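Residue numbers (the working numbering), protein chains in the order written: chain A, 1 to 494; chain S, 495 to 990; chain D, 991 to 1118.
It is possible that some hints are incorrect.
What the hints assert, rightly or not - EDC-like cross-link-like pairs, simulated, lysine to aspartate or glutamate; straight-line CA separation at most 16 Å:
| id | chain 1 | residue 1 | chain 2 | residue 2 |
| --- | --- | --- | --- | --- |
| 1 | S | K765 | S | D864 |
| 2 | S | K662 | D | D995 |
| 3 | S | K662 | D | D1105 |
| 4 | D | K1099 | D | D995 |
| 5 | A | K369 | A | E451 |
| 6 | D | K1099 | S | E652 |
| 7 | S | K651 | S | E604 |
| 8 | D | K1099 | S | E604 |
| 9 | A | K107 | A | E187 |
| 10 | D | K1028 | D | D1105 |
| 11 | S | K866 | A | E187 |
| 12 | D | K1096 | S | D801 |
| 13 | A | K107 | A | E63 |
| 14 | S | K662 | D | E1108 |
| 15 | D | K1096 | S | E652 |
| 16 | A | K201 | A | E187 |
| 17 | S | K861 | S | D907 |
| 18 | S | K866 | S | E939 |
Hints in this document: simulated from the structure, not taken from any laboratory. These numbers were taken from a predicted model, which means no experiment stands behind them.
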Amino acid sequence: MRFTSSFLPVWIVMFPMVMTAVIYYVEQHSEKMRNALAVGTSLVTFLSVAALYPYIMAGNIIEYKMFQLLPSLDISFRVDILSFSLALLSSFIWMMVAIYSLDYMCKEHGCNRYYPVLIITLASCMGIFMAGDLFTLFVFFELMSLISYVLVVHEETVEALRAGYKYLIMTIIGGLALFFGIIITFELAGTVTLSGATLIKEPSTLAFFAFISFLIGFGMKAGMFPLHVWLPDAHPVAPSPASALLSGIMLKTGAYGLLRVIFHVFGFEFMQREGWTVILAVVAVITILLGSAVAITQDDLKRRLAYSSIGQMGYILLGMSILTERALIGNIFHIFSHAFMKSTLFLCAGAIILKTGKRSIKELGGIGKQMPFTMFAFTLAALAMIGIPPFNGFLSKWTLSLGAMDAGVPFYVLVLLLSSLLNGLYYLPIIISAFFGGEPGHEHDHVKVNEAGYKMLIPIAILAVSCLLFGLLPTNLPFDLSRVAAEFLLRGGQ
Amino acid sequence: MSIVNHFPVLAVVVLLLFAYLMPLLMRWRKEWCVPATLGAIGFSLIASLYMMWQVMTTGPFMYQMGSWAPPWGIEFSIDYLAVFATMTITIVGLIVIYYGTQDLLHELKEQVMGWYYTLYLLLMASMIGMVLTNDLFNMFVFVEICAIASCGIISIKESRECIEAAFKYLVLSAVGSGCLLLAIAMIYMVTGHLNFTYVAQALPQVMDLYPLNILVSLALFLVGLGVKAALFPLHVWLPDAHSSAPSPSSAVLSGLVIKVYAIAMIKLLYKVYPPELLGMAPIMNMILWMATLAIIIGSMFAIVQDDIKKMLAYSSIAQIGYVFLGVGLMSESALQGGILHIFNHAIMKSMLFLSAGAIIYATGTRKLSDLKGIGITLPVPTIAFSLGAFAMVGIPITNGFISKWYLALGSLDVGRPFFAAVILVSSLLNGIYYLPIVVNAFFGEPEGAVAEPRPLPRQMVVSLILLGSGVILFGVFPSLILGVVSKAAQSLLGLL
Amino acid sequence: MTMIDILLRLHQNSYYFFAIILFIIGFHTMLSHNNLIKKVIGMNIMDTSIFLFFVAIGYVNGGRAPILEPGVPYTAYVNPLPSALILTGIVVAVSVTAYALSLIVKLYKHYGTIDAEEIMRIRGGDIQ
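Excised from the complex, chain A in its bound form (with noise of 0.2 Å):
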């Protein structure tokens, strides 16, 4: 057992790195090999994360060092409580996207792109949440941010380029901020191992500028403003499936990272004392509003999960700037919530994109009697996202609350109430429209519109009926795990 739970972290990583040029050398021969390959390779990255479970449970570390690029430069894996939540949350929701990617690409060109692509930034995405160290995780970061780039411009339509373009010189500037903090750390503490140890002690003008490096490297990713400017162009640009991973998913690894720094390289109390979460708190309130305010003035579907999710993001870095224990569990458990919801909607999105060819909400109305399962599903995920009680977002959202009492900033509750009250302005009239609405244009139109095909709806069905599920049960696996975790990391990561 030692040996393999202290192998299984390099396995989870390589074994897709490998597969996707397994993948690259099939698909020149055969579709359907390629495609079982894809949906293969995340089924056994799931379970291999999940094999993970007991003895992560048990409350043991696994750290492993593969080899040293520098001198106190390691690529080293270490998987706490937080890595483990995270990873088996992001290959779980990759597994589905995979299967839901047969029916959808199958109309889309360059799929024989699109598959080995998806699984190496499942793979990057897993050496993300492992890293033992910074600097593994900027390697894996730079390895996601920049592939997925080709999932961004998949179109390939003069759009598409313009926003993949905007993402790219983002990204390298997140990089470069990245690279600049990770090097003042490891000038201050002479490595930039992730440990119990805290790494930066003493705060300086030095250390400072590493949190802000940290902030826009980790904050650009995660969508924070003012650096979100990327998100709501290239996340609509990219078929949806992918859109569901860069939503729900990638925009993670931003606030992991960020999670990361604040525990391991400053420490919460030292964050505090500094009074460098006020920054984050300032910023992570904007966000909350304006992403939801944005949102309401967009008319295409995408568009308006794009900004949602600039408005989710706030919470969960607004919950990092809390920093009691309740709103660090809230914190990592709307990190599940909203990877389950968003990656709901955006589904859902692409299986109407894709029967009906319409992206325009106006357009929609009535759509629901056409489409019911994947309306309803919608319907579900929408109203977690608005924070209906029985709903794992009302349960995230709650938390919070509780922890922003905790602190003592009521105002921090005002906030995410008025966010929910956007939330419901945007997204019910879609709801509404959609059930109840006529079919304005489309009394003449009578292309009927059929379901999408089992292959897409049977994804969609299991995530938004968890949506629903880790809402409804008070004790469940993600809020466990979110728990567990928020203690550790209040432990000291230890």
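Put chains S and D on the given structure of chain A with help from the hints.
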């Protein structure tokens, strides 16, 4: 006395010998030219690897020409920096000329091919000589050979741009040589020596007597070598010269020649001039600011270019700035970064120039805007170009990242984070001009000549693959080269 | 320090003084003239000034060539090293000059002029 004891001088002399054999071979045994050239450089490579092994196991040593002991005879100093540089020169030189054997066939006239090999071997010999020598005047002679040979491999392609660029280069380089000779005269005047070691011993004693002479000589060295290394603002000749030359020439000029002068400068600053002198004049700060301007302005000029080779040439100006940044910061990590960047940039830039050359060879176009979809029709050069571009930006797992890491760390070590920020800004600028090319090359429909390129000969593909794997290899296992680099930096700073 | 002192010092160091003046003349010619041949001439003047300077360093007042002859008593002799080095320097300068002139011939063939500005104008017209 076996032959291996004479490897230091043989590494130079064999190249010189073969250089003068080339025209004869071209006349009578045409097919022997290529193997002879490759053989000669290969021999130097073996010699330099052997020297490297010797230095790494038993430490630096001196080689005396004809056993004449200094101060009368000329010495070669085989130390860490020298073996490192010799190895860089021979490896990259060998790969570039292997590529060149095919590429030159379409760029040059048939009858000058032999002369090209002559010039190339002369260039190699002079570069190796320059980094090995321990004698000021000997260095000057190698500098001059290098200057003429490098102008020669530009002007040998008799287009009018090449001739003009070569003339500009020659004139400016002659100004540089003039400054260099004057500086040597000044040094000789006050110390009475030309040998580096003896000059270094004599300088502290005479510094109080003739401070002005010594400072002027340092300034003249800086200008003379700065012109040749294209240190901003003395870079004006470089863009024309490097972009109009035949591709292998561009690769070797940008990849190696400008670096060799930087190495000469490093040797003078750290081995010859006493550290107290640096307190008298802000010479290191001057170098730092020149380097900073080079990095920023070179990158900015590169952004607006539409000619692929011109863009690469401007990028070289920025990259030589990195090397001088490492030299000027006076910290161990930064100096390591600077020296390492000499090697890394030699690989990246020669690969970029060669892949640009391959693209020009196959499609005939050198405009960046015409290269849409080239990645689909010409995968190998485009992937090589992309790798080089990533290395330039400093993406991890490429070698460019490692040198940037050390440079940034060095600037933090001496408490000047500003220069780390400069490195980051320039990486961003690099990204702005390199990445759109990569994107353009892979996403987009190929048109015209790009859609149906000429097939590439095997030699060109192999060279590109070799250099490309070098970029990855030294990015993932930097310790392969780091051993000698850190020893070199430590010995220069007197830490060994 | 009076004027006389300065003049006296200049007289004592006249070799150096004139070498520097020559260097400046050469440098100026090289940079300010558009005629390519004049540039090359300027380059040569500059080189020559350095050669003179270098040789002057090795000169010893009243010294003679460093050749030992039987019977002749040992006297002060001129340092031979600078002269020997300068021979090499002259060879280098000659080859650079020859090469530069050959390039000028080629340039004249291509452009029909040896005026740098004219060449720039023709090239500029080419590109735009």
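Okay, the hints, checked on the actual structure:
Pair hint K765 (chain S) plus D864 (chain S) does not hold up; C-alpha atoms about 49 Å apart against a cutoff of 16 Å. Our distance criterion of 16 Å between C-alpha atoms is broken by K662 (chain S) and D995 (chain D), whose separation comes to about 44 Å. With a C-alpha separation of about 13 Å, the suggested pair K662 (chain S) and D1105 (chain D) falls inside the 16 Å cut-off, and the hint holds. This hinted pair does not check out: K1099 (chain D) and D995 (chain D) have alpha carbons roughly 55 Å apart, beyond 16 Å.
Taking the CA atoms of K369 (chain A) and E451 (chain A), the gap is near 10 Å; set against the 16 Å cutoff, the hint holds. For the given pair, K1099 (chain D) sits about 11 Å from E652 (chain S) by alpha-carbon distance, which is consistent with the 16 Å threshold. With a C-alpha separation of about 11 Å, the suggested pair K651 (chain S) and E604 (chain S) falls inside the 16 Å cut-off, and the hint holds. With a C-alpha separation of about 21 Å, the suggested pair K1099 (chain D) and E604 (chain S) falls outside the 16 Å cut-off, and the hint is violated.
Taken as a hint, the K107 (chain A) and E187 (chain A) pair is broken in the structure, with Cα atoms around 51 Å apart against an allowance of 16 Å. Straight-line distance between C-alpha atoms of K1028 (chain D) and D1105 (chain D) comes to about 10 Å, which keeps the hinted pair within the 16 Å bound. Taking the CA atoms of K866 (chain S) and E187 (chain A), the gap is about 43 Å. The hint is violated against a cut of 16 Å. For a cut-off of 16 Å, the pair hint linking K1096 (chain D) to D801 (chain S) is broken: about 25 Å separates their Cα positions.
As the CA atoms of K107 (chain A) and E63 (chain A) are separated by approximately 43 Å, the hinted pair breaks the 16 Å bound. Between K662 (chain S) and E1108 (chain D), the direct Cα distance comes to roughly 15 Å. Compliance with the 16 Å bound is thereby established for this hinted pair. The straight-line distance between the Cα atoms of K1096 (chain D) and E652 (chain S) is roughly 8 Å, inside the 16 Å bound, and the hint therefore holds. In summary, the hint linking K201 (chain A) to E187 (chain A) is supported, as the alpha carbons are separated by about 13 Å, within the 16 Å threshold.
Between the alpha carbons of K861 (chain S) and D907 (chain S) the distance comes to roughly 42 Å, so the proposed pair goes past 16 Å and is violated. Distance check on the hinted pair: K866 (chain S) and E939 (chain S) sit about 6 Å apart at the alpha-carbon level, within 16 Å; holds.
When held up to the earlier numbered hints, the structure conflicts with 1, 2, 4, 8, 9, 11, 12, 13, 17 and fits the remainder.
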